[in-house]
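K.L.:
Given next are the chains, with one letter for each unit.
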Amino acid sequence: MSVLRPCLPMLALSLAGCVQTLPLEIRFPSTNTFLVATEVRIRVYDTSASSCPQLVTAVSGGSMASGMDLSNETYAACDVFRGAAVPDPGSGRKSVLVEALNRNSTATILIGCTEAEAYPGAPPIAVALYPTDNYAVELAANPPTGTIASRCGGGV
Amino acid sequence: MNRSLVHLARIITTAGFAVASLSPAVASAQRDRGRAEQPAPPPPLPPLAQAEQAYLDVDFSAALVAAQAALREGGHTPEELVRIYQLLGVCSASEGQAERARDYFLRMLAINPGTDLDDTVPPRLRAPFLEARGIVTARPQRLGAEVGIARAQSAVHVSLVDPFQMGQTLIVHARIEGAMEFTSREERARASLDVPLAGSDSADRVEYWLELKDPFGNQVLVMGSEFEPRVVGRMNVAGAGPASAAGGGGSVLEEPWFWIVVGVVVVGGAVTAGVLGDQANRVELRTRVRTDQ
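Sequence lines, in order, name chains R and F. Oh and the first sequence: position 39 is 39 in my numbering, straight run, nothing missing. Oh and the second sequence: position 138 is 138 in my numbering, straight run, nothing missing.
In short, the hints are calculated from the structure, not lab data. Just so it is clear, CB atoms sit at the ideal spot from N, CA and C, and this is done for glycine as well. One or more hints might be untrue.
What the hints assert, rightly or not - Footprint (simulated), chain F over chain R, 3 or more residues, beta carbon under 8 Å:
# : segment
1 : 20–31
2 : 47–54
3 : 118–126
Unchecked claim - Not close to chain F: a few residues of chain R, all C-beta gaps over 12 Å, as computed:
#  : residue
4  : Ser71
5  : Asp79
6  : Ser91
7  : Asn104
8  : Ala136
9  : Val137
10 : Thr145
Unchecked claim - Partial list, computed: chain F residues near chain R (C-beta under 7 Å):
#  : residue
11 : Asp119
12 : Val121
13 : Arg124
14 : Leu125
15 : Arg282
16 : Glu284
17 : Leu285
18 : Arg286
19 : Arg290
20 : Thr291
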């Protein structure tokens, strides 16, 4: 074992180097919509169990069943802007549901979903977000100020 | 009565003369018998034994002379030759001939790199040995030979490695597997040589043993023997009969450790390939934001 010990970091590096990064592009309708959002929740489902229309309808109707998702991560909006890592969704076609949440993280103000398969060399996964009924309420309550750069420390 | 006495006196006189005339022969016979009864003087010890005896008596100069005689005598096995060079080295060192001692030790180590000096050798005599061991260790090549079948030439091909050029004559004894007699061929030692062997172009296997001899006829290297020849050629995996029965160079495929190693390598390789394959297929999503306005 002691002989192998010096090789382990190199092995770990080589293995780590094998993980490929695939962009998950989240398209906001406007800069203001991004600035209104406080957090972004990304959930992944197996397409065969949950298609995008079902998911969007369920979220909009407030009847989202828990325990069906393969992953469920919530990020600060600026972290998503800077580039947050989302766990490997696994092989096969998946439904990627993205929600922008309000300041209290209690309501979905933007929602989008796409079905795609993530594999090395796959095209980027793009999810376009659309305002929900909650967006207008949030916009009125907390109008955006500044720019993305002033908020997150970088340009788009 | 007087005549009788005179006659008796004559008889005694005659007998006395006869006894007197026989006495030298009797004495000589007795001397011969005495010589025959004495133990015969022991035959002279062979030079190597003389050297060993002198070494035990701590008579290094006599041991040196006897060991040199043993070397020149020839006909020694590699093990004996190692001992001869060891005695030569130690005795030369004790005589203050450090350079010569190092040379002897070099030759000793060339034959058997694992040879060491026994604990009785005092430290002051060890310096040439240590120097020689450093030289031998620094050389990547070791005394040895690789044998194959040169089918195109219908010959046994020998690649000889002799880093210190100790061998002068290479004797190759070879036969087609199953044949009774070895064909022996004596060649001047060189790095690569083909020894013709009739039928080797089509033979599956060839049995051989070889000797490398120094200029005195001592065996520097012996591989195999007449009774345990080595085997070269195509190995029969399923039923390695005669080759393995000969005990000289049976197929490695018969060895359990070989299959253990193969198993470990295959399983390890499969696990590694699986891990790497899994890692290679892993994808990490990384967010980026785009705003349309």
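K.L.:
Check each numbered hint against the structure and report the violated ones by number, ascending.
P.N.:
Per hint list: 2, 4, 5, 6, 11, 12, 13, 14 violated.
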